[in-house]
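End of the sequence shown = 322 in this note's numbering, gap-free, step of one.
There could be a bad hint or two in this list.
[Unchecked claim] Straight-line C-alpha distance at most 25 Å; calculated SDA-like pairs for lysine to any residue:
| # | residue 1 | residue 2 |
| --- | --- | --- |
| 1 | K260 | A124 |
| 2 | K260 | D127 |
| 3 | K301 | L210 |
| 4 | K301 | A175 |
| 5 | K190 | D127 |
| 6 | K301 | L270 |
| 7 | K301 | R74 |
| 8 | K162 | P55 |
| 9 | K162 | M29 |
| 10 | K151 | V98 |
| 11 | K151 | L210 |
| 12 | K190 | A174 |
| 13 | K151 | S165 |
| 14 | K260 | G199 |
| 15 | K32 | G112 |
| 16 | K301 | Q44 |
| 17 | K260 | L273 |
| 18 | K151 | E122 |
| 19 | K5 | P86 |
| 20 | K5 | Q101 |
| 21 | K162 | D111 |
| 22 | K5 | D53 |
| 23 | K5 | E16 |
| 24 | K301 | C241 |
| 25 | K190 | M176 |
| 26 | K301 | A174 |
| 27 | K162 | P58 |
| 28 | K151 | V182 |
| 29 | K162 | H63 |
| 30 | K5 | E19 |
| 31 | K162 | V182 |
| 32 | K162 | A185 |
Since the hints were made in silico from the structure, they are not lab data.
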Amino acid sequence: MTETKTEISVIIVASEGRESVAHLFTHLMSQKAADRLEVLVSAQAQYVEDLQDFPDHPFGAYHVVPADFSTSARARTDAIRAATTPLVVFAEDHCFPVGDQWAERIIAAHDGPFTAVGPIMENANPDTLTSWANLFVEYGPWLSHATPGEKENLPGHNSSYKRASLMEYGDGLAAMLEVEWVMQADMRAKGHRFLLADGVRARHLNFSRLSSSIRLQFFGGWMFAASRSAGWPASRRAFFCLAWPAIVFLRIVRTWPIMKHSQLSSRRRLACLPVTAFLFLCSGVGEALGYALGDCDQRNKYALLEYRRWTNLVDDERTYAR
């Protein structure tokens with residue numbers, strides 16, 4: 001039998017055992033290029049054995065990597081270091097490739113001059129307004145209205161990179177991955193180019209409980225600002241801290257045209273606007289604290305929100321995840 005060479009490593013952070021990634025694995029196993037994938041799963045020690053018990057997979061290679069789960073960025077970094085292919089793509093247990101050509105289209109897109117390739121994002125649980133509001137806050141610029149082509153930024157946690165470009169960060173890689181936007185800005189300043197790929201789509205499962213969404217956006221904003229402002233002079237940090245109301249307003253204004261191009265009806269769109277604005281407000285307050293105080297060892301709180309996402313869905317939507 002001719003052995004197929006693996007060409008891209010799929011980096012997955014598993015919050016628990018096999019069941020936590022079963023839905024994602026269904027999509028990965030259906031890929032026409034499944035035998036060209038090296039799948040690496042970052043796992044906590046108590047779940048390694050369960051995740052290793054996967055004898056009939058169709059992948060070119062499959063490995064479970066015991067990882068540091070204090071933040072998802074550190075867990076992801078451990079798997080990146082273990083990868084053996086020239087390309088890596090980040091996958092989440094709550095975001096699912098659309099169609100069976102997702103992998104081969106990403107591989108093909110990397111044949112060009114682009115360091116990173118990202119997908120157009122869709123909503124995996126579209127029934128609740130809170131889910132839509134979270135999607136607009138986190139992935140608004142890359143939803144179905146977006147035109148494929150070269151971009152300044154790509155969707156975090158779900159894009160692909162030439163592995164060498166990540167390894168250049170050495171021991172600082174995990175810190176850069178804490179907020180991928182910060183890493184992408186640094187890459188762009190070094191001359192790297194990013195592509196939103198035609199035909200590459202991913203369907204994202206969003207928080208649909210409002211109480212946990214408030215915490216997610218608050219701590220997400222805090223960690224974003226803390227990472228972005230690392231090394232800034234106090235005067236610049238103070239300026240951005242005080243400017244948070246204007247930043248929130250601008251984000252709401254910029255997001256409304258995106259909402260108008262979504263699949264929401266006019267009535268649901270209007271109902272979703274105040275929820276989206278409120279979550280932007282939560283993120284903005286978090287950002288103000290991040291600029292003022294730094295991370296204050298809050299990263300683990302944000303990481304815990306990212307794990308076991310199905311616990312943050314309303315009951316009717318849990319079938320989307322498991």
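### Task
Enumerate the violated hints, using their earlier numbering and listing them in ascending order.
Per hint list: 5, 6, 8, 11, 23, 30 violated.
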